[in-house]
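Participant: Quick note, the sequences are listed as chains S and P, same order.
When we follow this note's numbering, the leftmost residue of the first sequence carries the number 319, and every step to the right adds one.
When we follow this note's numbering, the leftmost residue of the second sequence carries the number 1111, and every step to the right adds one.
Relax, there's no trap hidden among the hints.
To be clear about the criterion: a stretch of chain P counts as covered by chain S if any three or more of its residues have a C-beta under 8 angstroms from a C-beta of chain S, and this derived list gives those stretches:
hint, stretch
1, 1122-1132
2, 1139-1145
3, 1149-1161
To give an idea of the chain S side of the interface with chain P (calculated C-beta under 7 angstroms), a few residues:
hint, residue
4, 558
5, 559
6, 562
7, 563
8, 566
9, 577
10, 580
11, 584
12, 588
13, 592
Because the hints were derived from the structure by calculation, they are not lab data.
Cβ atoms here follow ideal geometry from the backbone N, Cα and C, with glycine treated the same way.
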Amino acid sequence: MSSISVRLQPFSRSTDIPWAYRVAGRRLELDQPLPALASFEVEPPGEGLAPVSLDEAELSENAEVFSEEVLLGGRARRIDGRLGSRAYHLSVDSAVFLIARDGSAVVRLAEEEDDPALLADALLGPALSLALALQGVFCLHAAAVEVEGRIVAFVGDSGAGKSTLAALLSGGAWRLAADDILPVERSAGEYLALPRFPQLKIAPAEQPSPSLPESLPLAAVYRLDARERGERVEIQPIGWPAATLLLVRQTVASRLFDRSLLQRQFDACALLARDFPVRSLAYPHDPAAAPRIRRVIADDLGLPEETR
Amino acid sequence: MSDVRLEPAAVLRHRSGVLFRELEGEAVLLDLDAGTYFGLNEVGTRAWALIGEGVALGGVREVLLREYEVAPERLWEDLLALVGELLEHRLVELAPL
Chain S
319 MSSISVRLQP FSRSTDIPWA YRVAGRRLEL DQPLPALASF EVEPPGEGLA PVSLDEAELS
379 ENAEVFSEEV LLGGRARRID GRLGSRAYHL SVDSAVFLIA RDGSAVVRLA EEEDDPALLA
439 DALLGPALSL ALALQGVFCL HAAAVEVEGR IVAFVGDSGA GKSTLAALLS GGAWRLAADD
499 ILPVERSAGE YLALPRFPQL KIAPAEQPSP SLPESLPLAA VYRLDARERG ERVEIQPIGW
559 PAATLLLVRQ TVASRLFDRS LLQRQFDACA LLARDFPVRS LAYPHDPAAA PRIRRVIADD
619 LGLPEETR
Chain P
1111 MSDVRLEPAA VLRHRSGVLF RELEGEAVLL DLDAGTYFGL NEVGTRAWAL IGEGVALGGV
1171 REVLLREYEV APERLWEDLL ALVGELLEHR LVELAPL
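For reference, chain S alone in the conformation it holds in the complex (with noise of 0.2 angstroms):
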């Protein structure tokens, strides 16, 4: 599955032609603009708008998974989740949607008109990483740098100083990749990032360089422990149970996920977690430390010593 039909209009017909994006490594077709998306358009397609079938009609057995209110967009929003037959139906307040069981389309049920800034807000957020889950690829909340065409991936609890830190690294060969939220998908045995992906926290002047690739593969992931200024830079190893749990945990929207989704997570992190460096870097919050955590993490890895 490569592609995401998103319809946010009541009407589209299938001879408008949409306005297409890249994002995650997928085309995602919409029947109106998004400016968050501005970055990420593409050519569209010759033809017209895909068709998409989905009914709310067919959620005849509306099992609730989620139900709760979180902060989105920097606001408390009331989220609900249910799973029906064909389709999930997610409500984030009054933008709501109908997504595919296979994450190959999300439908607006539009009652009323919507805050511009809530629907981009619920359909980049909740939305997007639900039918991504959906896809195979799981949303990590983390910040992110990419450098010598890999990338370093930075997770932790909220306040940890992940988006800091992956800013304070960026600059000469390491690029900004991620501020908060990292897709990675597993393909053909190798584990990949996708850091195309809208940040949503940050300006659009700060946003990752576009001209990053769609996919790169992952180097490491560090879990942040914050030190005391003055205090040394340490990369531990995460035992294989502590980072399959650090992964689940840090997996976005996972709590909107049912049970075949979740299975489907637990197993992709299961995984993750053993094939690949999970660790803890300790590191003290001190941006004159900048050039000695690059050093340690790059001694980590192995990089090139004009990358330190």
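With chain S fixed as given, assemble chain P onto it according to the hints.
Facilitator: Chain P in isolation, oriented as in the chain S frame:
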């Protein structure tokens, strides 16, 4: 901590809907219904397997004493603590008589 009284004769079982994945003697559990996760070290993983085989807690204690170098009192305390957590997280339940 669970209110269940844990004695050597107690037999527990894995609750349905709990996934188990093991690697090199350690394991992680996923409760599909609650969406919660739990990690087990080597001894915990061995205890989980024995519970799944229907071994009473006293029997689990005996097997673990044979297989690991640990003082009996310490082992029983740790086993009760582990089982208490598994009960609290609804990963195991008392088997019916």
